[in-house]
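> One letter stands for each residue in the lines below.
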Amino acid sequence: MNAERSIQSPKLYKTAAQSKQSFLKTAWKAIIRKKSRFAGFIIILFFTLMAIIGPNLYPKELPIDSNAIYAPISWKYLLGTDFEGTSNLALIITGARYVLLAAALGALFTVIFGTVLGLIAGYFVGWSDSIIMRVTDLFLTVPSFPLLVVLSTVWNFGQPLAMGFVLGITGWGGMARAVRSQTLSLRERGFVEAAKGLGLSPFYILFREILPNVSSYIGMNLLTSITGCIYAEVGLFFLGVVPFHVNNWGVMLNMAVFSAGAMSSPTALPYLLSPLLALLILTLGIVLFLDAIDEIFNPRLREDV
Amino acid sequence: MKRLSFFMMGAVLALSVTACGNTSSSSNTGTQFTTVYYYHPISPGAPKNPFNATGNSFTSFDKMQLAWSADSATNLNKFYPGLAQKWSTNANGTTATIELQPNAKWSNGKPVTANDVKTSMAVAFTQGTAQSFSLGSVKVLSQKKVELSQLPGSKYNLFLHDLLQQTVVPDFQYSGQLPKNIWTIIQQSQYSGTDKTKAALATKAQGELTALGKKITQFAPQTDISAGPFVLQRLNPGEAYLVKNKYFYANSKVKVDSVSLRNYTGNQQIWNYLTSGQLDAAPFTAMPQNVLNNIIRVKNNQKVVSPSYVAASLAFDQNFYPYGNTNVRKALAYVIDRNAVQKIAEPVVGTPAKYTDGMIDSVAKNWIDPSTQSKMDPYNLNISKATSILKKEGFKKTNGKWIMPDGKPWTMNIYAVDGFSDWIQGAKVISTELTNFGIDANPNIVSSFAQYQADLAAQKYAVGFWLDSLGASMYTAFGRIYGLPDGYNVVGGKLVHYTQKDKTQGNWIGLPETLKLATGETVNPGELTNELNTLPVSQQRSNVQKLALTTNEYVPVIELWDYVNIQFVNTSRFTNFPVHDMGLMNNQPGVWMSLGYVNPKSSK
Chain D
1 MNAERSIQSP KLYKTAAQSK QSFLKTAWKA IIRKKSRFAG FIIILFFTLM
51 AIIGPNLYPK ELPIDSNAIY APISWKYLLG TDFEGTSNLA LIITGARYVL
101 LAAALGALFT VIFGTVLGLI AGYFVGWSDS IIMRVTDLFL TVPSFPLLVV
151 LSTVWNFGQP LAMGFVLGIT GWGGMARAVR SQTLSLRERG FVEAAKGLGL
201 SPFYILFREI LPNVSSYIGM NLLTSITGCI YAEVGLFFLG VVPFHVNNWG
251 VMLNMAVFSA GAMSSPTALP YLLSPLLALL ILTLGIVLFL DAIDEIFNPR
301 LREDV
Chain W
1 MKRLSFFMMG AVLALSVTAC GNTSSSSNTG TQFTTVYYYH PISPGAPKNP
51 FNATGNSFTS FDKMQLAWSA DSATNLNKFY PGLAQKWSTN ANGTTATIEL
101 QPNAKWSNGK PVTANDVKTS MAVAFTQGTA QSFSLGSVKV LSQKKVELSQ
151 LPGSKYNLFL HDLLQQTVVP DFQYSGQLPK NIWTIIQQSQ YSGTDKTKAA
201 LATKAQGELT ALGKKITQFA PQTDISAGPF VLQRLNPGEA YLVKNKYFYA
251 NSKVKVDSVS LRNYTGNQQI WNYLTSGQLD AAPFTAMPQN VLNNIIRVKN
301 NQKVVSPSYV AASLAFDQNF YPYGNTNVRK ALAYVIDRNA VQKIAEPVVG
351 TPAKYTDGMI DSVAKNWIDP STQSKMDPYN LNISKATSIL KKEGFKKTNG
401 KWIMPDGKPW TMNIYAVDGF SDWIQGAKVI STELTNFGID ANPNIVSSFA
451 QYQADLAAQK YAVGFWLDSL GASMYTAFGR IYGLPDGYNV VGGKLVHYTQ
501 KDKTQGNWIG LPETLKLATG ETVNPGELTN ELNTLPVSQQ RSNVQKLALT
551 TNEYVPVIEL WDYVNIQFVN TSRFTNFPVH DMGLMNNQPG VWMSLGYVNP
601 KSSK
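As given, the protein sequences belong to chains D and W, one line each in that order. Reminder that position 201 of the first sequence reads as 201 in my numbering, one-by-one numbering, no gaps. Reminder that position 252 of the second sequence reads as 252 in my numbering, one-by-one numbering, no gaps.
Just to be clear, a hint being listed does not mean it is correct.
Output of the computed footprint for chain W on chain D, the stretches with three or more beta carbons under 8 angstroms from beta carbons of chain W [stated by the list, open to error]: (1) 91 to 105; (2) 110 to 116.
Subject to a maximum C-alpha distance of 30 angstroms in a straight line, what follows is the list of computed BS3-like cross-link-like pairs (lysine-lysine) [unchecked claim]: (3) W:K215 <-> D:K25; (4) W:K145 <-> D:K29; (5) W:K215 <-> D:K60; (6) D:K60 <-> W:K145; (7) D:K60 <-> W:K391; (8) W:K145 <-> W:K215.
Calculated directly from the structure, the hints in this document are not laboratory data. From the three backbone atoms N, C-alpha and C, an ideal C-beta is built for every residue, glycine too.
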């Protein structure tokens, strides 16, 4: 291995920094190629910045004003106010951190569990495949949302990490099956056979040879899992099965429907529509950006290749 | 969890109802009365058993009592007749004689007899309710006449009041659930002397009654046997449908053919029913102003305002650190802005509580002398005072957050119940106020009220919402604090106190038994409350004032707002609601109907 590398010419192989720079350049080109992709990118960037910086713009406990309960939309309250007279916009901005962090962690766990187990099952086949796939079947069979509802009664979701982990462990089944299928197909390909012939370790082959070939699929799944995780966690908060320790868009929906009468009174409608609008825009951004992800990770789709 | 199981059961029942096709709808007539059942939602899987916490038995419709309380603040023994046509007591109120309605029959045509009352009282012993009003013996005088006496030596003021409100069930359905020697067991359980053999027998008998109580609550009768104006015909996840009982003793007075009790899982569903004009009557429901406006706007919806004897409070389990410290509770009372809390949580049917004294303010003004009131602290919003108290108690504020004397940051979970919109909003506002003050507070939601009460009793919550000042009687009002929640119970006619160490006895407040007031007097609030059982109303004033002072000084709960009872009626389909009789209005619609109220409009 070392001997093999020692004969490689530095002119023929890019350094890691060059490779990274090249990847970013390619990615940027893919993003700006279409307006829709760029719009998606901007939306995701906007929400990410909102989650990172937003809560620092406000005091930890948002001000309440009993004289401005359900205030209509105005310059002072761009999205109206809630039952405490707190600005809905402030609630959306400060609530984004938990929602997005939990969703990102949930998607990350989904992708890690699904990819690792899918790769192992698809490459090693045999008894490891059987065991992993039976466990996968179990997770695919059990309806994940009701399972989350049950888990929420015994799990403390005060921290996004806990929420993300639970979302991840209930949602990796489909990902594992898809990665396994692709791995099964790739393991018969020439470059894998060649790598085996060179005596490379199975984990090197899995993570350095096969993984890059399924990266497009993984990248897209990461983004779609984020939307799935957002819906799941917001749904849990909306149903009220999760104690609302935190400011959260789902809590806003719950309070708007079950305490403010937003479904029967237009007065509280901005309180209901604010989190729905945030969810809609974020989902739109992710959907628009998915197109770019496919091209970034799948060289065959690049128009300039 | 509750929702999940509910939906699953619902799905199964929905299929069976669908299979029934149009049978159900065809039986609906023009005189169907639609409302929601006040005490609990419809529970498709639960038995037709009034002793089951979620049982499908509906007070005033198919579940009957001897009489219906008018809930009068001035006359606690004002009742509307139910299965009892008339009643009387001896001079000191220790024995009551009940005469049943001569024509009272069960829905299978069998007469309601004194024996049914006797069996019902035996069942009441298994549920612990008969003990609470010191029932001693039941003597059947004739088929329609029964005499009930208090335990020898007892004198409980509300004996008749409580007795008349006991559920009456048929002997032919429930006697099979009881052993033949049930009254011997009851008698043995009532022993409270010093004879060790008899005391051991009493303990054994009490255990047997508890076991029987569980068996009774799980009993699932095949059919609904009703002595009320209606009988349950069918049940699905959306409604309980009851039809007129042709054997009801006042059948001719009942002008409604059937009753549909709509299911609900939270306040907002009742709001939606009301805003779509579907309910002919609706009980008190917490709601925001915008929803109230919508409801009133619906054609023929009317609101009816009647007295309420209920306050919402924030209660403490003093077993949890640091809430065992009276000064900590006082400091919290100074931090909570009750005006803002009421305005946000209960803007329509509530008023901010002026004093934490165990009573609603409208009742307190009749009981509390100005000199006593001058000794009370109104705990008006005073952040600097709260800060000073906490610092004296060893609390420190670092980076805007309070650190407790044990060195840990002060966090607080405030518990409320899912669907109780006013409690949830109240918990949220208080959390905001406390967090701004430097205590990291969060609202927490419990799935159901039954679960909430069980968890409270098991000492699981440090801070949570509680309804106090419940009822016109001072004994009932203070019993919400210095009764079972503080470990006091009446066993065999004697007051017993259970400490918090015994987690099975429901003491979740945990005040010390004796407390020294600022006046220098030492009081036992449990005893003072229990004495309200026996003292004539004219002699209760002294106890009430001491209890009010104790509540104000030791703050076992912080009273937040007093409720105002607002009900709704819709006159589109029915007229002649008892809107001018507040005592009757506070009862369920089945009582109105059995007394001749609620008439269908002639066009129907």
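> So, for every hint listed, does it hold in this structure?
How the hints compare with the structure:
1. Here's how the region 91 to 105 of chain D fares: 0 of its residues keep a CB closer than 8 angstroms to some CB of chain W, so the rule of at least three is not met and the hint is violated.
2. With 0 residues having a Cβ less than 8 angstroms from any Cβ of chain W, the region 110 to 116 of chain D misses the three-residue criterion, and the hint is violated.
3. Restraint check: the Cα-Cα separation between K215 (chain W) and K25 (chain D) comes to about 74 angstroms, which exceeds 30 angstroms; the hinted pair is violated.
4. The suggested pairing of K145 (chain W) with K29 (chain D) is violated, with an alpha-carbon distance near 95 angstroms, which exceeds 30 angstroms.
5. Taking the CA atoms of K215 (chain W) and K60 (chain D), the gap is about 52 angstroms. The hint is violated against a cut of 30 angstroms.
6. Between K60 (chain D) and K145 (chain W) the alpha-carbon distance is near 68 angstroms, which puts this suggested pair outside the 30 angstroms criterion.
7. Between K60 (chain D) and K391 (chain W) the alpha-carbon distance is near 23 angstroms, which keeps this suggested pair within the 30 angstroms criterion.
8. For the hint linking K145 (chain W) to K215 (chain W), the alpha-carbon distance of about 29 angstroms falls within 30 angstroms, and the restraint holds.
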